[in-house]
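Whole structure, please, built from the sequences with the hints as guidance.
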Amino acid sequence: MTRTLALAAALLSAACASAPPKPAAPPVAAAPATPPAPVAPPVLETPDAPFRAQKPAAAPGEPRFEAPVPKVAALKNGARLLVVENRAVPLVAIEIVLRAGVDQEPAGKGGLAGFTADMLTEGTARRPALEYAASVEDLAARLSATADLETTRLRLNCLTETLPEALDLLAEALLTPAFHADDVERVRGIRLTGLQQKKASPPALAADEAARIVYGEKHPRGRPAGGTPESIKAITRADLKAFHDDYYDPGSALVSVAGDVGAAEVKALLDQKLAAWKSKRKAEPKRPAYPKLAARSVTLVDKPGASQSQVWVVGELFPANHPDRIPMAVLNNVLGGLFGSRLNLNLRETKGYSYGVRSTLRLESDRGWLAAAGGLQAKFTAESVTEFEKELAGMATGELREGELQRAKEALIRGLPTTLETNDAVAGSIASVASLGLPLDWFAKLPDRIAKVTEADVARVGKAWVRPARMPVIVVGPRAEVEAKLKALELGPLTVK
Amino acid sequence: MSKLGRLTLVLGALALASAARAADPTIAFEKYQLANGLTVILSPDHRLPQVAVNVWYHVGAANQAPGRSGFAHLFEHMMFSGSKHVQPSPFKVLETIGGSANGSTSFDRTNYYEVVPSNELAAAIWLESDRLGFLLDTLDAKKLQVQRDVVSNERRQSYENRPYGLTFLHVCDLLYPSPHPYYQCIIGSVPEIQAASVDDVKGFFREFYGPQNASLAIVGDFDPAQARALVEQYFGPIPAGPAVKRPSVPQPMLTSVVRETLEDPVAEVPRLDLVWNGPVMYAEDEAAGDVLAVVLAGSDASRLTRSMVHASRVAASVSAGSQAIGLGGWFQVTAVANGGRKAGDLLAPVQAAIDELKKDGPTAAEVERAKRQFIAARVRGVERIGSRADQLNKYQTYLGDPGWLAQDLARYRAVTPAAVQAFARKYLADDRRIELTTLPKAKVTK
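So the sequence lines, in the order shown, correspond to chains F and W. By this note's numbering, the letter at position 118 of the first sequence is numbered 127, and the numbering carries on one by one without gaps. By this note's numbering, the letter at position 391 of the second sequence is numbered 497, and the numbering carries on one by one without gaps.
One or more of the hints may lead you astray.
As the list claims (entries may be wrong) - Calculated cross-link-like contacts (lysine to aspartate or glutamate; reagent style EDC-like; alpha-carbon spacing at most 20 Å):
| id | chain 1 | residue 1 | chain 2 | residue 2 |
| --- | --- | --- | --- | --- |
| 1 | F | K388 | W | D255 |
| 2 | F | K64 | W | D243 |
| 3 | F | K85 | F | D280 |
| 4 | F | K388 | W | E266 |
| 5 | F | K208 | W | E369 |
| 6 | F | K207 | W | E369 |
| 7 | W | K547 | F | D311 |
| 8 | F | K506 | W | E374 |
| 9 | W | K190 | F | D57 |
To be clear, the hints were calculated from the coordinates, so they are not data collected in a lab.
In C-alpha cells:
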C-alpha cells in the first residue's frame, strides 16, 4: 500500500493539492509549528453580470417522477404482500409490519411491544444470540426489529444473491425467537439503563408529556415511551412469549418488498420460508377513548441547570386518511415543516434563540396531532413560547404571505423523489401507506393532489384545525429560570413536574 | 423508478462483500478543471429526475487561527446567509423549487450541497457560484451576530444539553490542547464563537474560499454538455485566490496516562472512554484501525459486546472507532455502564480484550466479518446521488482522484489479522492514553 502512504504524505505536506496543473505533488518542507501571521492576500473581485441578477429559469419540460406503486398479492398464510421491483441495485429491502404495537400492551406492561421486538434478534430456536448476530453479519445483511404505537416492524436489507439465506434468518427471528431466560434478563437490563438515560434527554421527556396529554394517561399510547422501570421489571418471559404468540399474526400482517426481485419470485420464497407462520386471530384488547384537547395548559418539567428548554406546543388533528391531510401538510410547510418556515425563520434566524424549530404532523390510523417543537435558549423560554403562540395564531387566520403557498407545495411535490430514493425508503413508505389504510397508489397520486391545493384550502384548514387556545404547551427546562415568566404569560393552568 | 439503469458500482462491490472475487467496482465520472482552478466532476445517473450539486472546500477546523475555535463552522453558516444575488438565503430559493440543501464542517474540509429537480440544475449552480463569487457584498455585522447566536444554540443543543456531548469536546481538548486548531472539536467554545468579527469572516473567505481550493461534483439526471456550459458561465469568471497552504501542525502526542473525571449535568449513567493518538487519514494502516474497531466493539458480535454486554453485563453498550483525520487522529473505545454498575467496573474488561488482541490478534473469521460489514456499508452509502457526489468529492479533495473507490475497497479487502494486531500494538499503548470517566453530576437539591 505504498500508494496510500504517498498520498497521505502529500496530503500532509503539499502546498496546494488542487493548484493547476497538478502532478503528483512532491513533498515540500513542512510549515513551522506556529505559522507566521499570514500576509493579507490581494482582493480579487468577481465581475458582476446581468445573468446573475436572478435565478435562472428552469429547463423546459417537467421532470417526470414515476412514483412506486406496489404489486399486490397474498401469501398462503394470509399476509398481504406488496412488491416494488427495482433492478437498479442488487439489493432487496423487506419490511414486515405486524399489528403488534404499544396499542396491544396490557396495563402495567408498558414497553412490552418494544421488549418483544428486541428479543427477536437475541437468539432463536436454532442459534444463540451471538451466533445469530454473527450469521447476519456474515451475509453483510442488516436485520432489525422495532415497535411503534400501532405496529412492530422487522426490516431486512440484503444482497439479492443472499436473499434465500437472509430470509432463513428473518424467518427464524419472526417465528422462533427463543426468549431464553438469560437473554431476557440481559435485554431487560439494557432497557432499564436506556430508561435511566432517557431522563437526560429533554426531547424524549417532552415527547412523553405530549403523548400523555394527547392520548390520555390511561391509554397505552399515553404512557411513557418504552415503559417505566416498574413496567419493564414487571414483564415476564411468559408475557413476551404471549405477546409474540398473540399478535405476530400473518392475518393482519403486511410484507413490503422493494428491490432487485420480482413479485412472483419473492412470493414463492416467502411462502416457502414462512410456511410455519399460521394465523390465530387473537382479539384486540379494549382501549380507552382519547381525550379531547379542549383547553390550553402549560406543563413544566424541571431540568435544573439546562442551558436550553425544549418547548412543544401540541394540537389535535385527524386520522391519516382524513381528506384535510393534504392541505394541512401544505399549511405545515408554511408553519414549520421547512428551514424557511415561519417558526424557524423567526426563532432561529431573526431572534437567534434556537438552532432550529420545526412543526410536524403525526397522523396515525385513528388519531392525529400537530407538534411544533424545538430547543430554545433557557433565558428566552417565555419569549419563545410567545413567538410560538404568535405563529400559530397567524396560521389560524389562514392568511398567507407572498410565495409561501408555492414554496410549501413545491417542497412537498419535488421533494418526493428524494424521500423514495433507496429500497429501504420505498419498502418502508409503502408499508406505512398500507398500514395506515391509504390507497396503494398514494405516492403516484400525491403530486397532483398537492398541486390542487389553493390558498383558500389552507385558510380553511387553518381555521378548522389550528386553535392555539386549545393547544397545550410543554416546557422541559430549568424551572428556577423560566417558571415566573411562563406564569406571567397567563396561557392557562401551569403544572410543574 | 422512471429510468431503469443498473449501477455497476454497487453490483461489483457488494458481490465482493459477500463472495470474495469480482471485478473492481467503478463510478463512471469525468473530471476536468476550469482555468481558475475549480475541479469539476460530472457523473450522470438518470434513475431519478433529480440532480445533486455538491461543493467541497479544502478548509476546515484545521485552518482556524488560535483563539478562533468554531470559526470554520461559523463561516459555513454565513454561506447560508445570502449573497449578492441570492436573497435572503439559498434555502428560500431551494424550497421554492422543491430542493433540499445543507452544509457541514469537518476537521479538514467544508461541504455545501443541494439536491434539486433535474430541470433546476442551473439554479443550484447559480446559487453555489454566487456565494463563492459574491458572499462579502451583503455580509454585515447583523447577519454575523444572528449566526453567532445560532451556532451558540447549536452548541447548547448538540453538546451541552445532550448526554456525553461535553465528553466528546473534552476528548478533543485533551488530544488537541489550545491553540491547536482542533481544540473544541469543530463546534468551538461559545466565547470564541462570539469573538468572531466581520473582518475575520472576510479574511477567512479571501484566504480559503477560492475556486482553486474547491471541487464541484454534479451527480444525477443531467446532460454533461449542458452542465459544462453552465459551470463555465457561472464559475468561470470567479478569479482564483491565493494558493492555500495546508496546515502542518504537529500532532500533540500523549506521553502518559491522562486520567480525568468529568461531571456531566445531563448524563444519567457513568461512562468510560479510552482514547489513544491515531493515524492521519488515508495512512497505510487506517483500514486496519477501522477493522480493529469493529472486531473490538463495533458490531453485535464483537469481543466487547460478548464479554461486557452478554457475559459479565457490566456495560449496556460498547463502541469503538478510529477517527483518522488530517492533522493526526484518534482511536476511541467507549463503554456505558449497565444497571447501577460503576465506571470503575469498565476498565478491566476493555483492557483484557485489548491485551488479548495485542497478544494473539483477531481470528481470520472476525476480520472477514468486519471487512464485509465495512465494505457493504461503504457501498450502501453511495446508493443515493447526494452521498455519491459527496464520496467523489471526498476522494478528489484528499487524494486528487474521484475514482478511488475501488482502491478504497481494496485496502479493506487487504487487511489481515496480523495487520489488525500490529495496529493494536502500535497505537493502543497502555501507558500513553486518555482514561476519561464521565459521571452524572450530583443533582442540585432545592
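Going through the hints against the structure:
Simply put, F:K388 and W:D255 have alpha-carbon atoms about 13 Å apart, close enough for the 20 Å limit, and the pair holds. Restraint check: the Cα-Cα separation between F:K64 and W:D243 comes to about 18 Å, which is no more than 20 Å; the hinted pair holds. About 6 Å separates the Cα atoms of F:K85 and F:D280, which keeps this hinted pair within 20 Å; it holds. The suggested pairing of F:K388 with W:E266 holds, with an alpha-carbon distance near 15 Å, which does not exceed 20 Å.
The hinted pair formed by F:K208 and W:E369 meets the criterion: a straight-line CA distance of about 16 Å does not exceed 20 Å. With a C-alpha separation of about 17 Å, the suggested pairing of F:K207 with W:E369 holds against the 20 Å cut-off. Restraint check for W:K547 and F:D311: satisfied, since their Cα atoms lie roughly 16 Å apart, inside the 20 Å limit. Distance check on the hinted pair: F:K506 and W:E374 sit about 18 Å apart at the alpha-carbon level, within 20 Å; holds.
A hinted pair counts as satisfied when its Cα atoms are at most 20 Å apart, and W:K190 with F:D57 qualifies at roughly 10 Å.
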